[in-house]
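**Q** Single-letter residue listing:
There are 2 protein chains.
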Amino acid sequence: MQPTVEDVAREAGVSRQTVSNVLNAPERVRPETRERVEAAIAKLGYRPNRVAQSLRASSSRMIGYRIEPVHPHAVGSIHDRFLHALADAGRAEDHHLLLYTADDLSDEVANALALHRAGAIDGIVLYGLHAGDPRPPALLEQRIPFAAFGRTGHDDAHPWVDVDNAAGTAAATRHLAEAGHRRVAFVGYPRGTDVGERRAEGWRSALDALGLPPGPDLRGEDSLATGAHLGARLLDDDDPPTAVVAATDTLAAGLLRAARDRGARLAVVGFDDTPTAAALDLSSVRQPIEAVGHAMIRALLNGPLSNGPKPDDLPAARLLHPELIVRGSSTTP
Amino acid sequence: MQPTVEDVAREAGVSRQTVSNVLNAPERVRPETRERVEAAIAKLGYRPNRVAQSLRASSSRMIGYRIEPVHPHAVGSIHDRFLHALADAGRAEDHHLLLYTADDLSDEVANALALHRAGAIDGIVLYGLHAGDPRPPALLEQRIPFAAFGRTGHDDAHPWVDVDNAAGTAAATRHLAEAGHRRVAFVGYPRGTDVGERRAEGWRSALDALGLPPGPDLRGEDSLATGAHLGARLLDDDDPPTAVVAATDTLAAGLLRAARDRGARLAVVGFDDTPTAAALDLSSVRQPIEAVGHAMIRALLNGPLSNGPKPDDLPAARLLHPELIVRGSSTTP
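Protein sequence lines, in the order shown, are assigned to chains A and B. Residue numbers for the first sequence follow this note's numbering, so the first one is 1 and each next one is one higher. Residue numbers for the second sequence follow this note's numbering, so the first one is 1 and each next one is one higher.
Some hints here could point you the wrong way.
[Said to hold, decoys possible] Far from chain A, by Cβ distances over 10 angstroms, these chain B residues were calculated: (1) Arg-10; (2) Glu-27; (3) Val-29; (4) Arg-143; (5) Gly-211; (6) Pro-216.
[Said to hold, decoys possible] Chain B stretches covered by chain A per the calculated footprint, using a threshold of three residues with CB under 8 angstroms from any CB of chain A: (7) 95 to 107; (8) 273 to 284.
In short, the hints are calculated from the structure, not lab data. Think of the CB as a built atom: it goes at the ideal place given N, C-alpha and C, for glycine as much as any other residue.
Construct all of the structure, not just a fragment, from the sequences and the given hints.
**A** Take a look at the structure:
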C-alpha cells in the first residue's frame, strides 16, 4: 500500500497540516521540522499526488512531441538542438515534454489522440510540416491543441513558427557573389518539397537581384553519396560553377568530398550548421532553433492551451530569420 | 466545464456503457455505433481520464530523463540516437518518456525528486555517469527508482547498462596494427575520467598483447581545436606516430585537420560513430545505442519498477560490446 499523509505525519511526529506545508509552502516551516518531515517522506517513500492535482486543474502540464527517427544518411541534424530548446522553453512555463514515437504521420496523430484523450498531454508540437500534411486537419478535427514548426500553406487555423528558408539561401548566395563568384550553382532536395523550393527560390532570387544568371540547379535525396555524385556532375560541366549553395550540410559534405577527390576548387555553403559543419570547416546557414522552441511553446500556451478568452485575430505566427555562419569552405581561395 | 461520459452518450444516442466500451473494448462495439460515439467524442472534446486510471494503478507509466545540453564544442553526439532508442523501447513496454532539463547534477536530482513525488514519473534513466557521481546515492536515499547508462564503481545497488569502452579502443588498435602501423598514439580526455581511462586502457593493453611499445598518450578537452593542436604536437615529434586512436570523433576530426594542414599522413580511428564520422570518412567505434536503450528500459521495468517479488541477486547489469566501423581514414595508404 502507498503511504499516506497521515503515515508521514505519524512518522515525523507532526500534524497533517505541517506535512502539507512542507510539500506546498516549505518556507513556512522551520528548517529542523522540515528536515524531519523530509526524512519521513523519504523513509516511507511517500508521494503526494500531483496526478490528483492535475485532475482538478484539468491540465497535465505536459506537451507531447513525436521524436523523429534518426535519418540514416544525414551527416547531422538539428533535432537534438530543437528538442533541448523545447524542453528548456517548457521548463520556463512549468510544462514538461512527453516523448512518443510513431511509425508514420497517421500513427503520430493516432498516438497524440490516445494521449490527449487519456489526459496525459494538453497539446502537441509538430515538426517537419509540408504541403498536404495530413496532421493539421486531423488534429483540428479531433480538437487536439497544437503548434507547428513549419507551414503547409493552410496555416490560418493554428499557431506556427517557421524559419525564413529563402532568406538563408539568399544570404549564402550574396556572400558567395561578394567573394567574387559569378557562376553559383544550387544543389537541393528533389523538386516539390516546400522547404526545398523555398531554399532554391532564395538562391534564384538573390542571383536575379545581383544581375547574375542562375547556375545549374541539381536535385537529389539528402545523402553524402548524392552530394558527391552531383558535385562530380557539376565539376564535369563545360563551364563548371566555382561555388555552390547546398540545401543541407549533408549535400554540402558530399560536394566538398567530390572537389577534394578531384583536387578541384569549389566554394560551398551548407544549411543547418549541424555539428558536422564545424568539423568540415563548412560555412552554413544556421536556424535560430532555440528561439523557435521558445516561440512555439509560447504560441501553444498563449493560443490553444490558454484558458483565457481567445483573441479574435489569427493564431500567433512567427517567421524567424536564420544567420549565415562563415567558415573556410567559402572563403579559402 | 469538461464534458462527461453522460454528455457523450446523450450526443451519440447510446448508453453510458456503450461509450465506455468504445473507450476500453472497441472490438465489442459495432463499427457504425463506434463511429457515432467517436464523432460525439470529437465534437464535444471529451477526454476520459487516464490520469484517474493511473491514480488507481499507482503508476504514471512515465519514465523521466534529463535531456543533456548540446555540447558546444563537440562535432557530433550520440544523444539523439540514445533518446530515440529510449522512446522506442518505452513504447514497446507501454511507457512514455518525460523530458526535463537541469542546470547541473544536483538540480537533476531535485527535479527528478519533485516529479517523482508528484506522481508524474515512476523512475528515471541516468546518462553519463562517472566515479563520485552524486546522483546514484541521492536517488537511492530518496527511493527514486533508476537505471544508469554507465558505471560509477559503486553499482551494486541499482541496475546499469554500459558499453565496453576498452574493448572498443582495443579493436581500433588491433585494426591499425593489422594495417601495418607499429607506432600507434592515443589522444583522449583529461586524465581521471573513468570513460577516458577505460578507452586509454584498451589501447594500451592491445599494444601490449601485440608486443608493440605504447606510442605517445596525449590528453585534452573534447574539442576540434584541441584535437588539431595535439595532432600538430604528434606530427612534430622526432619519431612521429603513423596512426592514432582517438577517444572521440571530435578529437579525431581535429587530428585529421592537423594532418591535412601539413600534408602529412596519419591514420585515425575515432569513437562514437557520430554522423560527422561518415562525413569525414572517419573510421570509428560504434556503441550499440539502440540495444543500450532497450536494455535500460527492461532493467528499470523488471527491477525497481517491478511490482512482482524482487529477486535476491544483484540488479540487472549488462556490459554491451561496441563495433568498429572501418572507413577511409584508417585504410587509405
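**Q** Is the nearest CB of chain A more than 10 angstroms from the CB of Pro-216/B?
**A** 23 angstroms, holds
**Q** Does the claim that Arg-143/B lies off the interface hold, with its Cβ farther than 10 angstroms from every Cβ of chain A?
**A** 5 angstroms, violated
**Q** Is the nearest CB of chain A more than 10 angstroms from the CB of Glu-27/B?
**A** 16 angstroms, holds
**Q** Are there three or more residues in the stretch 273 to 284 of chain B whose C-beta lies closer than 8 angstroms to some C-beta of chain A?
**A** holds (count 7)
**Q** Would Arg-10/B pass as off the interface with chain A, using Cβ distances and a cut of 10 angstroms?
**A** 18 angstroms, holds
**Q** Regarding the assertion that Val-29/B does not contact chain A, is the least Cβ-Cβ distance greater than 10 angstroms?
**A** Holds, since 16 angstroms exceeds 10 angstroms.
**Q** State whether the coverage of the stretch 95 to 107 of chain B by chain A holds or is violated, taking the criterion as 3 or more residues with Cβ-Cβ distances under 8 angstroms.
**A** Held - the stretch 95 to 107 of chain B has 6 residues with a Cβ nearer than 8 angstroms to chain A, which meets the minimum of three.
**Q** Report holds if the minimum CB distance from Gly-211/B to chain A is greater than 10 angstroms, and violated otherwise.
**A** Since the minimum Cβ distance to chain A is about 35 angstroms, Gly-211/B lies beyond 10 angstroms and the statement holds.
Hint 4 from the earlier list is the only one contradicted by this structure; the remaining hints agree with it.
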